[in-house]
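Input sequences plus hints: build the corresponding full structure.
Read off the chains here:
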Amino acid sequence: MADQYRFDEPFFPVPQAAVDADPATAMKKLLHHVGKLERSLADERLSALADLGEVLLEVASLTDDITHIIERWGVITNAQQAGMVRSVVALGKKLMEILKYHQVAPINTIGEPLDPETSDAVGTDVQEDVPANTVLREEQIGYTWAYGLLRRAKVIVAGGPDSVAADQTGQD
Amino acid sequence: MNDQVITCPYCGGTVSLDTPVCPDCKQDLSALARLAYGHAVYYNEALALAREEKLDQARDKLLVAIEHRPNFAPAHSLLAKVYARKGNWAEAQARAARVLELSPDDRDAPELAQQIAESASRAREAAARASRARADHLLKIYLRDVARAFGAGVGITALLMLIIRWIGGGRGSQE
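From first to last, the protein sequence lines are chains A and B.
If you use this note's numbering, the first sequence corresponds to residues 1 to 172, in order.
If you use this note's numbering, the second sequence corresponds to residues 1001 to 1175, in order.
Hints were generated in silico from the structure; no laboratory data involved.
No incorrect hints appear here.
Taking lysine-lysine pairs in the BS3-like style, the calculated list, with each CA pair at most 30 Å apart, reads:
| # | chain 1 | residue 1 | chain 2 | residue 2 |
| --- | --- | --- | --- | --- |
| 1 | B | Lys1026 | A | Lys28 |
| 2 | B | Lys1026 | A | Lys29 |
| 3 | B | Lys1086 | B | Lys1054 |
| 4 | A | Lys100 | A | Lys154 |
| 5 | B | Lys1026 | A | Lys36 |
Below, the structure is given as structure tokens:
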């Protein structure tokens, strides 16, 4: 029986490197490597978000500047000026599109009570018919984006009746 | 050696498993080669063990090799021989049949299957002969016991008859 079933077949050719390799050790090393990469990736992502935030803030400032330019332009007297204004408006729209693409939206403050989470009151104005702390106008538009607050708004708020009285006393 | 190639997971380059270092990014892919050749490594270990007559260990390695690559015909073939050597004919025949399925062009496969079938047949006949011999032996013992019991019965009956006659004769002479 033993002679009949001899184990005389050849060994299967296997590269020595494959025989010597230890997949468990390799897997352990890889897991450490992946962990390290994931940590660095998270750091890179945070850094990239911060950079993007800064760039978007610059774009938002440019948009504000363009809005101011258009507001202060005054009466258009000739075709050349009209063309320039159109170009500036078009540029502003493009910048707004960029902001919109990155989910950057202006914070709606005017007419609303001051929200200390998003806005800083940089001054007060006397308005008898408006409740105190209501935002009257913006000195700087605030913006939010997908990751929270991008820039705080700077606003002028109504001082209310007390401040009106104080104001009148001061004038007297 | 086997001309097996894999795609380098680091750079996407093509790497031969015979020299598992990526020629492009120089990463050592030996662990991947080990996984690719796992079945063959276990097969070789099993073959070495079988040659040392360590049949149970060889069988275990072969089962692992087959788990790694279920269609690896040499492992089934070797396992058929290991089972044959252990006298496990049902398993040996099943493995030999699997080799025939996996390698219909292998000229040794039908020969192995036939050898195992013949050995299994001889083993069955031997078992049947042994079974018959055992039955004959038991029958002889039974007949001998029956004959003894019969003889004992006849003797006891004769003795009883003598006693009865003797008692009956005694009463007749008193009357």
